[in-house]
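Residue numbers (the numbering used here), protein chains in the order written: chain A, 84 to 249; chain B, 14 to 513.
A few of these clues could be false.
Said to hold, decoys possible - What follows is a list of derived Cβ distance ranges for each label pair:
(1) A:I113 to B:S480: 32 to 38 angstroms
(2) B:Q203 to A:E231: 36 to 42 angstroms
(3) B:I493 to A:T214: 56 to 62 angstroms
Simulated from the structure, these hints should not be mistaken for laboratory data. We treat Cβ as the ideally placed atom computed from N, Cα and C, and that holds for glycine.
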Amino acid sequence: MARKAKALEGLTQRSVEIAVALAIMLLGIITVYGSILVGIGWGAEGPKAGFLPFYIGLFIIGSCAINLFSIFAAGESDRLFAEWGQLRQVMSVVVPATVYVFLVDPIGIYLASFLLIAVFMKWIGRYSWATTIGVAIGMPLVSYMVFEKWFLVPLPKGPIEAMLGL
Amino acid sequence: MEEIGNLFQGFATVIQPFNIVLMFVGIILGVLIGVLPGLGGANGVAILLPLTFSMSPTSAIILLSCIYWGALFGGAITSILFNIPGEPWSVATTFDGYPMAQQGKAGEALTAAFTSSFVGALFAVIMITLVAPLVAAFALRFGPAEKFGVYFLAFCSFIGMSKEPPFKTLAAMMLGFALASVGLDQVTGQLRLTFGFTHLLTGFDFLIAVIGLFGIGEILLTMEEGLAFRGNKAKMDLKVVLKTWKELPKYWMLSLRSCLIGCWMGITPAGATPASFMSYGIAKRISKRGKNFGNGEIEGVIAPETAAHAAGTAALLPMLSLGVPGSPTAAVLLGGLLIWGLQPGPMLFIENKEFVWGLIASMYIGNIVGLIVVLTCVPLLAAILRVPFSIIAPLILVLCAIGAYSVNNSTFDVVMMMVFGVAGYFLKKTNYPLAPLVLAIVLGSKAEEAFRQSLLSSQGSLSIFWSNALVGTIMGLGLIALFWSAISNVWSRVRGPATA
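With the rest of the complex left out, here is chain A (with noise of 0.2 angstroms):
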């Protein structure tokens, strides 16, 4: 009873042991297979090109196992990996931040970064507006002249700078 409690209240350690072992396990296996497919033996030329990452992939799976083993071996525990709640305050930098990075690329640095900080600031920081538009818009002018006009440095701009004429 009590550790079904528990699991209510959050995301177990030992759940997320589990996952990220697998992950891991999951990405060697894909480095086996990829080292399969570029020839893991002895050519002309010494060993052929997946013949170290071929080992490296085998490695990863054995120590997966492992550390899984230990995993099953430890039983059940009521550690917590986090609450729901401390989850929620992760995501709410995760989600806005996913989708800032997908947004680079076709909107540019600066737009993408001042709708990030605005809403950042706004919605988590709950500040008022002149503060807001305040740091959202301070922030990417002082990179703009400190990558691009100081150290000479190009970042990715969009449909708006070449508005601008930048």
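With chain A's structure known, arrange chain B on it following the hints.
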């Protein structure tokens, strides 16, 4: 005594006005990076790396290494004033630093922390000055097998010395090697593990991994903890500083021990974080006032800070002389060398004397500048920490994105950064160490090249790694490092009954 002459030439390079300005800028940025949660030494340097593309390599390394020194100093400020370690290596500083601040002795604690950091760094720099040229000269004799042996030793010590479960370290490290092998195979020119995705042709850039794993991952962790900064006021004036300085020489033995621990842990790629814990633990055991540790003992601040800074600095020794970085931040600096067109490793000491000695000289001056900056700027830095995280978080996100983009001018890298960020959050919370993962991505292709060249010359026989005394010794040391925890367990069990 050729080295002394080289060192003075290095000083001459460093004290050019432009380089001095860069030094101050670097230290201030570095302290900020160290103070702000979500920005650490490694990803701070990675984000700012693109800014150096248009500079001369010597100026660039001065800027970046000073950011590193600044971050090492800055971590202590948040630990002492807010009980929040700005960097993992300053966790041990919170144990006694924060209680001291609560007792109104924040000024003493900060002065002690900064001064010990400085002492630790100075000790390590002197060691680098004396030892690095010798190691480099020795390493010139290394063939592919010996080179691979050095990589083997570095990675084995990670597994053997890590406080995380060994198979988690192994999994993280091998994952790094797998990521490093994606893309064009340098030996055969064949594409591998790309599965037809054109974005993967160039492979995974480790700078993107660093920015994602350490930067984004750290922001997510901070969000989860829901930080609210409630800190102590620091009263710093000359009187407090001088009074503390008068007391510090009393602890010379402690400092020396912490320096040695730090240097050792920095050269073997264990890094600054375990060094600070180890030094704190040993100080607690040896000190007469050991029982009072945790209630605000000044010794409990000196020990971890000295060791962390010594380790952080000493991590540059293997990077410079062997091309094997001793910490993630050193790995980023190594990535910088490659971008500026320099080949890290022993040849650096012959072909790029000005660069090497400029860097070493800048370590001396940079740490003096750092000490002055942190001693004078504490109130200002503490004020920055009171800016709420809901403003700082999106700004750091934007900085990370800019950094990730400008490494290769690729928007796909920005997306990859986010993927690494979420992965970093989960890996960190499940105790998979990130440092070996990053180091494996950096060194993967070089280690593979050395491995394949060795196998080529031996027609595929692994016996090449035991073929002469030199490579055999290195590989043997690697195996000892790999099984270090098992060996020390057995050792203490054998010794245990005898002493009991």
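Practice problem: Report the numbers of all earlier hints that the structure fails to satisfy, in ascending order. | Solution: none
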